[in-house]
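Using the sequences and the hints given, assemble the complete structure.
If you read the sequences in order, they're chains D and Z.
Each step along the first sequence adds one to the number in this note's numbering, with nothing skipped, and position 113 is 346.
Each step along the second sequence adds one to the number in this note's numbering, with nothing skipped, and position 251 is 1306.
Honestly, the hints are just simulated from the structure, not real lab data.
Note that the Cβ used here is the ideal one computed from N, Cα and C, for glycine as well.
The list that follows gives simulated cross-link-like pairs (lysine to any residue, SDA-like), each with its CA atoms no further than 20 Å apart:
1. Z:Lys1335 x D:Tyr549
2. D:Lys376 x D:Val349
3. D:Lys452 x D:Gln398
4. D:Lys562 x Z:Val1313
5. D:Lys562 x Z:Thr1323
6. Z:Lys1198 x Z:Glu1208
7. D:Lys538 x Z:Ala1297
8. D:Lys562 x Z:Pro1329
9. D:Lys497 x Z:Glu1259
10. D:Lys532 x Z:Asp1295
11. D:Lys562 x Z:Tyr1308
12. D:Lys532 x Z:Pro1296
13. D:Lys452 x Z:Ser1206
14. D:Lys376 x D:Glu345
15. D:Lys562 x Z:Leu1334
16. D:Lys562 x Z:Pro1322
17. D:Lys497 x Z:Ser1256
18. D:Lys484 x D:Leu387
19. Z:Lys1294 x D:Glu542
20. D:Lys538 x Z:Tyr1299
21. D:Lys532 x Z:Ser1307
22. D:Lys538 x D:Met548
23. D:Lys562 x Z:Asp1332
24. D:Lys484 x D:Pro451
25. Z:Lys1294 x Z:Gln1306
26. D:Lys538 x Z:Lys1294
27. Z:Lys1335 x D:Met548
28. D:Lys538 x Z:Gln1306
29. D:Lys562 x Z:Pro1319
30. Z:Lys1294 x D:Asp526
31. D:Lys484 x D:Ala458
Partial pick of chain D residues on the chain Z-facing surface, computed with a CB cut under 8 Å:
32. Leu421
33. Ala512
34. Val519
35. Thr552
36. Asp561
Label-pair ranges, simulated between beta-carbon atoms:
37. Z:Arg1095 x D:Gly330: 35 to 45 Å
38. D:Gln466 x Z:Pro1108: 17 to 27 Å
39. D:Arg453 x Z:Glu1178: 40 to 50 Å
40. Z:Gly1197 x D:Gly511: 51 to 61 Å
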Amino acid sequence: MSIFLGWGERARGLFADNKGPWGSAPGDGDGGEPPPEGGGGPWGEPPRRRRHTSGSSNMPSTSLEDFFRRGTARFGGGLPGRPSGSIIFWILVALVGVWLVFTTMHSIGPAERGVVTQLGRYNRTLGPGVNLTLPWPIERLTKVNVSEARSVDLGTDDLMLTGDQNLIDIAYSVSWYIRDPQLYLFELRDPQGTVSQVAESAMRSVIAQVSLNDAMGPKRGDIVAAVQNEMQQILDEYRTGIVINNVAIRKADPPDAVNEAFKKVTAAQQQAQSYINGANTYATQVVQRAQGDATAFDKVYAQYKLAPEVTRRRMYYETMERVLANVDKTVIEAPGVTPYLPLPQIQKSPRQEPSQ
Amino acid sequence: MIDYIRNRPILSAVAGLFLLIVLASSFPIVPETKQALVVRFGEPVRVLNHYQPDHPIGSVGAGLAYRIPFAEQIVWIDKRVLSVGMDSQQVISTDQRRLEVDAFARYRIVDPQLMYIRAATPENLNNVLRINLGSQLRNELGKRPFAALLSPEREGIMDNVRLGLDRVAAQYGAHIVDVRIKHTDLPQGSPLDSAFERMRSARELEAQTILANGQRQARVIQAEADAEAARIYAESYGKDPAFYDFYRAMQSYEVSFVGTRQQPATPTTVVLSPQNDYLKEFTGRSR
Chain D
234 MSIFLGWGER ARGLFADNKG PWGSAPGDGD GGEPPPEGGG GPWGEPPRRR
284 RHTSGSSNMP STSLEDFFRR GTARFGGGLP GRPSGSIIFW ILVALVGVWL
334 VFTTMHSIGP AERGVVTQLG RYNRTLGPGV NLTLPWPIER LTKVNVSEAR
384 SVDLGTDDLM LTGDQNLIDI AYSVSWYIRD PQLYLFELRD PQGTVSQVAE
434 SAMRSVIAQV SLNDAMGPKR GDIVAAVQNE MQQILDEYRT GIVINNVAIR
484 KADPPDAVNE AFKKVTAAQQ QAQSYINGAN TYATQVVQRA QGDATAFDKV
534 YAQYKLAPEV TRRRMYYETM ERVLANVDKT VIEAPGVTPY LPLPQIQKSP
584 RQEPSQ
Chain Z
1056 MIDYIRNRPI LSAVAGLFLL IVLASSFPIV PETKQALVVR FGEPVRVLNH
1106 YQPDHPIGSV GAGLAYRIPF AEQIVWIDKR VLSVGMDSQQ VISTDQRRLE
1156 VDAFARYRIV DPQLMYIRAA TPENLNNVLR INLGSQLRNE LGKRPFAALL
1206 SPEREGIMDN VRLGLDRVAA QYGAHIVDVR IKHTDLPQGS PLDSAFERMR
1256 SARELEAQTI LANGQRQARV IQAEADAEAA RIYAESYGKD PAFYDFYRAM
1306 QSYEVSFVGT RQQPATPTTV VLSPQNDYLK EFTGRSR
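In structure tokens, the structure reads:
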């Protein structure tokens, strides 16, 4: 990164100062330093040194400079030749510098890979970090993010046929990422569109093999796994370099047109459950009652066994006592009287008196 | 030379530029993603970066190439896997049911020379494949019952379509990688409505079945409870039927004449004869 900044500064320096030192404004370049021979170098170097460096490697440039000078002298007429030639030359140098910086050094993020093509042919894939390549157009670098999961939502307002010839309203999303950047770039024209199409195809072929109820409920996990599996297989066949990360069903409902009927089923399930609950309540009551009665009988019977005759008589008298204590009693001595007695009056008269 | 340039800078600049263009066009750069068909005066002569299934990316082919300027033209042809779609079509199955089908195919141009001669452009090839995909699909699906489309058999159907389409594609220098059905839908209108109606009635049946089943289970539970109660009673009372008879009679009298706390018995008049067992001591006779 620091290298980048350095280069940037250098390049900026070139642009900012190119007018100062070689234009005819003395003292503009570096503030205090007096420029000899009408202009100092951009970084305070005397032109002598510039001559020196250019003398060794940039000889053709100086002759080009000469050429431009002559050219401008010929056509430009009044313009001073040498400074304008220099400007063009240094602009060219700056452009070359910028071009070199921006096309040879590449910072590749931790999530990225750099695919390098050399004159169009795939050469190598670079990992994260600062990498060097030959300058463009000899080598080109394409950065591909291999960690980012891309997601596509599918199946909105769409009905699918299930294996039992029903329709299901299903919405799902697929997330995927790039495993092989070079395959991703070079093997398929439209990788993203392919993912969508393959997802749709795979989902429909899987849904076409399960029943509606399975698709809406318990088999969702299996469906998702099958779709992911099938998609991966197809994409590998196409050599897309794509890995399916995840398939998620967002919605699996009956179509709106028949939703009401499906709600009836749910209601029927509730109703049936309440029938069963009622029956269970009854069953508990009946059995508990039987157990209670039986236990009571057993207890009494155990005592009865110890002294059968006495217990029997005691129970008889006690019961009769309670029974007769509560009823109007008429004891008739003589046989044959019974039919003539107005029994209802006998029954009523003692009761009406206290109420009146 | 140098003097000539100095004397005629514009002319030489134009000439230089021209030379550069010629030079650049003589050495075209073939990218990984493209095949280049070199055509000399309308006649295809060679293919640069020809697709070879067994060559990995970056091995041979792409890169710097050459051509004779002016005489040879380059026709660029995609090297990647391409896609051809299809407008959704109505297909009638053998059991006379309509279905709207939408499919796509993936193909690759493996013989650019043949493709150029037979189809001239990739767009033409694409059209040919689209039309054939539709007709192949209709033919193949028309031979099947509706249910076959919703079964694993579907893969086999697609293989047939792929083979059929591949025979056509081979004549144009292309290879079909894969054919897949995207949509299989019921057409709007009566087919869809009747499907909805069938689903609705099926749910109705399911709901009623669930209700009936619930009722049946409730009855079974009640009957089982009754049986269990009977068993418990029999087990207990069966130990001494005579005592049970007496014991139960006592309970019954009490309920009938005294009533329970929640429900007292209605007022009753009892007429007793002194001969009654309960009153036997009234008479003073001893046992």
